[in-house]
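Quick note: the sequence shown uses my numbering, first residue 40, plus one each step.
Bear in mind the hints are in silico, worked out from the structure with no lab data behind them. Keep in mind it's a predicted model, so treat the numbers as computed, not measured. Please note that the accuracy of each hint is not assured.
[What the hints assert, rightly or not] Below 25 Å or equal to it, Euclidean Cα-Cα: the simulated DSS-like pairs (lysine-lysine) are:
{"#": "1", "residue 1": "K49", "residue 2": "K62"}
{"#": "2", "residue 1": "K123", "residue 2": "K49"}
{"#": "3", "residue 1": "K123", "residue 2": "K136"}
{"#": "4", "residue 1": "K91", "residue 2": "K62"}
{"#": "5", "residue 1": "K116", "residue 2": "K85"}
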Amino acid sequence: MSYKNVNAEKTTITRDVVDLEIKTGNLYQSIVAVSKRSNQISTNLKEELVQKLQEFASTTDSLEEIYENREQIEISKHYERLPKATALAMQEMLEDKVYLRNPDPESDAV
Numbered sequence: 040m041s042y043k044n045v046n047a048e049k050t051t052i053t054r055d056v057v058d059l060e061i062k063t064g065n066l067y068q069s070i071v072a073v074s075k076r077s078n079q080i081s082t083n084l085k086e087e088l089v090q091k092l093q094e095f096a097s098t099t100d101s102l103e104e105i106y107e108n109r110e111q112i113e114i115s116k117h118y119e120r121l122p123k124a125t126a127l128a129m130q131e132m133l134e135d136k137v138y139l140r141n142p143d144p145e146s147d148a149v
């Protein structure tokens, strides 16, 4: 998934907990769902970044190579500018882009 053109906030904002509670009927289930989705996004972004940076990996680094590798610096800056994984997950949850599955709905009644 491309996270380049997402409309998630890059800074911390105050959320209305009622909006989150409406999505699952339980605020805590919504928070767990956002947390799990955030972990998935974070893992995907990290794997993508590692793949791109592996192109620049070398066994012998000279001081000149470290300072001249502008492409690697630009790739790293791009990933630093992206919204945090939690903000992306929260935006997906609020836009109903997250599929929630409860394998045992009877366990909640106990």
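Tested hints:
1. About 23 Å separates the Cα atoms of K49 and K62, which keeps this hinted pair within 25 Å; it holds.
2. Between K123 and K49 the alpha-carbon distance is near 7 Å, which keeps this suggested pair within the 25 Å criterion.
3. For a cut-off of 25 Å, the pair hint linking K123 to K136 stands: about 17 Å separates their Cα positions.
4. Taking the CA atoms of K91 and K62, the gap is about 36 Å. The hint is violated against a cut of 25 Å.
5. For the hint pairing K116 with K85, the CA-to-CA distance comes to about 14 Å; that is within 25 Å, so the pair holds.
Hint 4 from the earlier list is the only one contradicted by this structure; the remaining hints agree with it.
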